[in-house]
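Student: The primary structure of each chain is shown beneath.
Protein chains: 2
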Amino acid sequence: MADQKHLEEFMEFLSIPSVSALPDHKDDMRRAAAWLADRMKRAGIDGVEIIETKGHPVVFGRKEAPVANAPTVLIYGHYDTQPADPLNEWVSEPFKPEIRDGKIYARGSSDDKGGVFPAILAAEEVIGRGELTVNLEFLFEGEEEIGSPNLKELLIARKEDFKSDLVVSVDGGMYSVDTPSLTVGCRGLAAVQIEVTGPRTDIHSGQGGNIANPIQALAQILAGMKGPDGTILIEGFYEDVAEPSPMEKEAMATVPFDEEAVKDQAGVPALFGEPGYSPVERIWVRPTLDPNGIWGGFQGEGIKTIIPSKASCKITCRLVPHQEPDKICKLIEEHVKRNAPTGVTVTVKSFPGSSRPYVVPGDHPVLPVMTKVLRELYGKDPVVNRLGGTLPIARAFLDILGTYLVFFAMSSPDSGAHGPNEFFRVEEFDRLRTGLPKLWAELGKALK
Amino acid sequence: MADQKHLEEFMEFLSIPSVSALPDHKDDMRRAAAWLADRMKRAGIDGVEIIETKGHPVVFGRKEAPVANAPTVLIYGHYDTQPADPLNEWVSEPFKPEIRDGKIYARGSSDDKGGVFPAILAAEEVIGRGELTVNLEFLFEGEEEIGSPNLKELLIARKEDFKSDLVVSVDGGMYSVDTPSLTVGCRGLAAVQIEVTGPRTDIHSGQGGNIANPIQALAQILAGMKGPDGTILIEGFYEDVAEPSPMEKEAMATVPFDEEAVKDQAGVPALFGEPGYSPVERIWVRPTLDPNGIWGGFQGEGIKTIIPSKASCKITCRLVPHQEPDKICKLIEEHVKRNAPTGVTVTVKSFPGSSRPYVVPGDHPVLPVMTKVLRELYGKDPVVNRLGGTLPIARAFLDILGTYLVFFAMSSPDSGAHGPNEFFRVEEFDRLRTGLPKLWAELGKALK
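These protein sequences, in sequence, are chains Y and E. Using the working numbering, you'd call the opening residue of the first sequence number 1 and step up by one each time. Using the working numbering, you'd call the opening residue of the second sequence number 1 and step up by one each time.
Pulled out of the complex, with its shape left as it was, chain Y reads as follows (with noise of 0.2 Å):
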C-alpha cells in the first residue's frame, strides 16, 4: 500500500496549478519544475537541472548504475496539465486534491504527474537499496500538452546528453485498470484554428439578407469537412493512410472493446464513427477530424440580434501511418479556401506543436521483457494496444536520437485525463512505483 508521506507529497505535487496552454500559470510552471527538481535531488538522483527553453522548462536528472557497462534508460514523462476548465462540472476543485474511494482527483493526476512522481519514488528506492543495474535519465517536460514545441530543439541540441538505449514514457496508459497493455503506438496530432470575418464590427440583424453571417459560414465550412456519416471530405486526408493488413485486421478483431462500457462512461447515446470501421479500428489505424471549441457572436442570456463580426474554432486531426501533419494542415487550408464562403473572408493558422504518427515495430527485442513485468504485475498478459491520443515526443526522440519509446504508464481510459474530475487510483500509483524496480532489473539483463 502507497505510503501516507509519498501520497502527501503527491497531493503537495498535484496543488500546483501547471497549465501550461495558459498564461497566467507561467510561474505556477516555474514552481512546479522547481519542486520536482527539489524532489529529485532528494531522491538521490545527480546533475538535477532545469533546463530552460522558449517555454516552459525541462527537468531532467540522471544516476549511474554503480554496475560495469549498464544499459541507459531515460524516463519520459511531463509535469504540465491540460486547463480545468468547465470548472463547475468538477466535485472537488482541481487543484486541491482530494481522495475519495481510492482514487486521486486533481488536474493532472493521471496525465501525469502520476507517472512522474512514482518514478521519482521508484529510482530513490532502488538507488537507496543500491541495487540500480541501469543507467537512469529523467526528461520531464512542461509543454506536453500544448504538443511540445521546444523539446525537438532540445533534443537535437544536447543529444550527447540524452543518448540511451531506451525510452520508457510513464505518460499514457493501460487498456483498462485490470486489463495491461503494451501500448505498441499512438496516433499523431496536427491542429488548425480557422477563423472566419464578416463585417468589420457586429452589426444590427435588422441587415440581415444582405451581409454574410460569419458563423453560418463557419458551420458550412466545418459541415464541408466531414460528411453526416463521418468520412473526412477534404480533399487528400486519407491519401497516405496506411490501410491495415488482413492480419493486422484479424489482430484487431480479437481486441476485448467494451462497446456499452464505452457508451457509458462517455454518457453518449451510440457510438458514431467512420463507415466501414470497427470501433478498435477507428481508434487504431483511422485518423480523425475533430472541432475543440467553437464561439463567435453573442453568448450570454437572451436574445442579441447580431450578425457578428467574427467566428472562430479550433481542430485537431488525430494522424496514422503515414499521414505527415504538415501535409494535412496545408490540405485543411487549401480546402478552406477552395470552399469559403461568399462574402466573408476566412484564414487558416496552424498550430505548432504537430506530431507524426508513431508505431514500435511488433519484433522490437524489449517488448517480451515488457509482457513479462506486465504480466507479473497484472496477474495475465497484456493486451497490444495503439493509443488513440497522441505523445508527440515518441516520434521525436527515433528521428533524432535513434531511441525506440514504449510506455509504462498505469492510468485508465476512465481517469477523466482532459475532462473535469481527472483521477489517479491510488492502485495505479502503487503499480508504476513498485512496477519500474522490476521493469529496470529485467531492461539491465535484457538491454546488455
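No lab work stands behind these hints: they were computed from the structure. Built from N, CA and C at the ideal position, the CB exists for glycine as well. Check before you lean on any hint, since a few could be wrong.
Reference listing, derived: stretches of chain E covered by chain Y, where coverage requires no fewer than 3 residues with Cβ under 8 Å from a Cβ of chain Y [stated by the list, open to error]:
id: 1; segment: 18 to 31
id: 2; segment: 196 to 208
id: 3; segment: 258 to 267
id: 4; segment: 294 to 305
id: 5; segment: 313 to 326
id: 6; segment: 383 to 397
Put chain E on the given structure of chain Y with help from the hints.
Tutor: Relative to chain Y, chain E alone:
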C-alpha cells in the same frame, strides 16, 4: 443648435448602463427608469408613473392639450440598451458618453435614448409655450432589446389608459443622415436557441473516431438550415411569405440604395443574400435566418485536445408578411429534430419576445402629414421605407389598441446600433427635438 445643458443631461442619461438582457444590470434599469420619470415630471408632464411588469418597468406619463376635442398621440420609445460587448472594439467607453466630430458616442445613444430624451425636451418646450394642440401620452419601455416580453400584457391590462389616435415611435431611423424616410413597416422576429449535447463531459479527443462531436453536429445542423447561396432550407419557411406585387417591385426598384456605401459601412468585400432578389427586396420583403452567437468547447489560447460535451447557438429570423413567429419556431424545431445527427441529443428552445411583421397601409391619412414635416426638416421628400429590423410593439399596438404606429426617429443606419461605437449625431438630436413640435402641430389639425 443643441443647448449645452440639454446635451449634458443626455449624457447623464446615457451613462446609466441600462442593459436589459443582462441580469447584473437590473438595478441600472431601475435607475434609468427613475431618472426618466423624474425628468418627465420636470418637463411638465402629468401623471408620471413607473409601471411594474414581470420584467423591467415601463415609464408612462401624459399631458392634456389646453384645447377642446384634441386628438391623442402616444409617443413610444425605450430606455433599455443592447449589451455593449465586444468592449475592446469601443474607442471610448460605452457608458462614458463622449462627443467627437458632432457625434455623441455611447451605447444607447442612437437606439433609443436619442429618441426618448429629445421627445421629452420637445414636450417641455411646447408645454412651456402653452401651444399643445394634441393630448400627449408617453410610453417608454425597458424591454425592447429583449423583444418586449411583458408589454403586450400591459397594453391589454391598461388598454383604456393607452387609448390614442396614433402612436408615434421615436425608435427606428431614417434612410440616411440626409435622406428622410417614411417608414411604413418592419420585419417580425422569431428567436430560438439550439443546444447539442454529446459526451457527458468534455473528453480526450484521443477517443475521436467513435464519439460524435457536438460542434460538428451543430455545424451540420446550421449548414442544413441554409444553402450556400443564402436560401433558407427549412421546410415550409417561405410558405406564408407574401410575394411583392409587380407594382411594389417597381416601387422598390426606385429606392435609392448605395451598394458601395453599405459594403464600406459594414466593411465586407461583397453583399450576400438570397438569389433572385435585389438588396432592397431582401431587406424589405424577404425573411432571414441568422445565427447571432455560437459557443462550445475550448475558447482559450493554444490547443486543447477535447471532444466537448456541448455546443450551442442562438438564431433569430426576421419575418415578413404573413409569416407567424410561433409557426416559424415550430418549423425550425421540426426541421432540427428531423435532421438531428447521430450520437448526439439536440434541443431547440424558443425565446419569448417574438413579433409579427407589421405594415402601415399606404393610404393611411397620417402619411401626408409626415411627408410634409419631413420635407420641412430635410429640405426634400422622404423615401418610402421599411425597416429590416423589428419593432416588436408596432404590431401589438394595432392588435390590442387598434391604433396605427408611425415612426418619427432620426438615427441613421451608420449609427452602429447593436455594435461597438454606437453614436447619435448632435444634428439628429436637434432635428428630433425641433421636429416633434412641428409634427404635433400638424397632427393637431389632421387628426381632428
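Student: Now, for every hint given, state plainly whether the structure supports it.
Tutor: Here's how the hints hold up against the structure:
1. 18 to 31: holds (count 3)
2. 196 to 208: Coverage by chain Y holds here, the residue count being 11 at a Cβ distance below 8 Å.
3. 258 to 267: holds (count 3)
4. 294 to 305: As far as the segment 294 to 305 of chain E goes, the hint holds, because 12 residues have Cβ atoms under 8 Å from chain Y.
5. 313 to 326: The restraint on the segment 313 to 326 of chain E holds, since 4 of its residues have a Cβ under 8 Å from chain Y and three suffice.
6. 383 to 397: holds (count 4)
The structure shown violates none of the earlier numbered hints.
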